[in-house]
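Note that the protein sequences, when read in sequence, are chains A and B. In terms of numbering that gives the first Met the number 0, the first sequence has 239 at position 240, counting the first letter as 1, and numbering is strictly consecutive. In terms of numbering that gives the first Met the number 0, the second sequence has 121 at position 122, counting the first letter as 1, and numbering is strictly consecutive.
Hint data in this document are derived by calculation from the structure and do not stem from the laboratory. Errors might be hidden in some of the hints.
No more than 20 Å apart at the CA atoms, straight line, and that leaves these computed lysine to any residue pairs for SDA-like [unchecked claim]:
hint : chain 1 : residue 1 : chain 2 : residue 2
1    : A       : K229      : B       : Y48
2    : A       : K229      : B       : L27
3    : A       : K229      : B       : P47
4    : A       : K40       : B       : Y48
5    : A       : K40       : B       : A75
Letter by letter, the chains look like this.
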Amino acid sequence: MIFSVFQRQWNHFWFRPVPPHPLALMRIAFGSFLLLYWGLKIPQVPMLFSGHGLILPLFPAHEFGPLASLFPPTVTIACILFAIFYASLLLFTVGFGMRIAGIVAFILNVYYWMLSLHLFNTSFERLFLFTLLVLTLSGADRTLSFRAWREKGDARSFSPVSILPQRLLALQITFVYLGVALQKLWLPDWQSGEILSYSLVGVWGSRAGNWIVARNLPLAVFDVSVSLIKAFELAMPFGLWVPRSRLWFMAGGALFHTGIALLLDIWWFLVLIPAYILFFDPEDVRLRTQRWLGKENNN
Amino acid sequence: MLPPRFLQHIIVLCYLLIAGASLLFTVLRFPILLRIPLMTFSYGMMAPYQGFNRSNVDLRAEGQDERGVWQRIDLAPYYPVEVGEAIARRHLFAFRAQGDDAARAAYADLARQLLIHESVQGYHWRRVRLFWDSWPVSAYGYEAMRHAPLVTSVFLAEVP
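Same shape as in the complex, but just chain A (with noise of 0.2 Å):
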């Protein structure tokens, strides 16, 4: 009995058809997201991702068999595989031959990662690619996108899919939360304000950053600050799942990620605050949608 009725839980929460509406939407702002990310190193492309530039790859290039040319490659081929790339994330973005383009994208990702993104190794760049394989995988285009549009004739119709894929970016983005938030109880350097104070001042502290701390505030403020961001962060993953808390914690998501990128200049964060519509209803995301786009039909 017991089993039954958890097993009955389990495949609701992790298997049921939905409408794709709010992964439709993650599939938009995050591949936006990713055409502004990526469209803005387009001037760097040779410096950055072809022997024009300092590049160490990951591993050896002869580690890397008949690829072995392309860690770094020329300037050229370097601009062919970056147009490939851009085009790969526009095609997912408007949902045009979506898990081809998804797929292409993610392998050349991963090359980008081998050959000159390691050297950042950053979480988000890992969060990236994640989001974007599991996206890809989806079933992220079947409304609001060109092949919506083509198969049924308008882009807001649409037709189910597996809740699986945002069940399992959602829970990524809850234990993204809780791990920041579970070390930050124990690190050594979070144990006060001085990281606030001096990461204000340090590498990736803006104008706005350095200001705050040129007013010479006491440290007591950096403390207190401190101690704000560790709860809001250790609350965060279990706010955006409650639904009676959930748009009290995306507002405070949202000027949490706003005030770091201000402060910090770190800006890739950003796309945590669209991706909070993972966490709503399926359902209720799509009957809000189609209100807002002027069609009530199912499909």
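We have chain A; now place chain B onto it with these hints.
Leaving out everything else, chain B in the frame of chain A:
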């Protein structure tokens, strides 16, 4: 596109196992949990900004001209990214994690590439050398205190 239901169960269980173990590592720090590359990757997603430096740091490159005089090489054109990212890239974390020898070899490789690229730009250095500088922080800018006698330098590599 999703695999059959049985495989989906496997995917969910594997995902929960990997993410759970990574989460556990954030608290317990058992290295055994990070032996599997996917776990390292998963942990990497939840590990931003763990600490800070009480000093500012950066790589310094110098080229020796025909008179034997060492001159500073501007690295900015080689790192057309934000300052934070540029300095993070110059840390060569992936190589430092493999030990001192791997890090020095990587810096030597970097110096060799720099020598070649500078030559293409018209700067024909006889030799290129790299140092890792550190200096006190300041609210007046990252480079504000980067001058003698406040800078401490560690030699990294010299080529050829």
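Now for the hints, and whether the structure bears them out:
1. A:K229 with B:Y48: holds, 13 Å
2. A:K229 with B:L27: holds, 18 Å
3. A:K229 with B:P47: holds, 14 Å
4. A:K40 with B:Y48: violated, 23 Å
5. A:K40 with B:A75: holds, 15 Å
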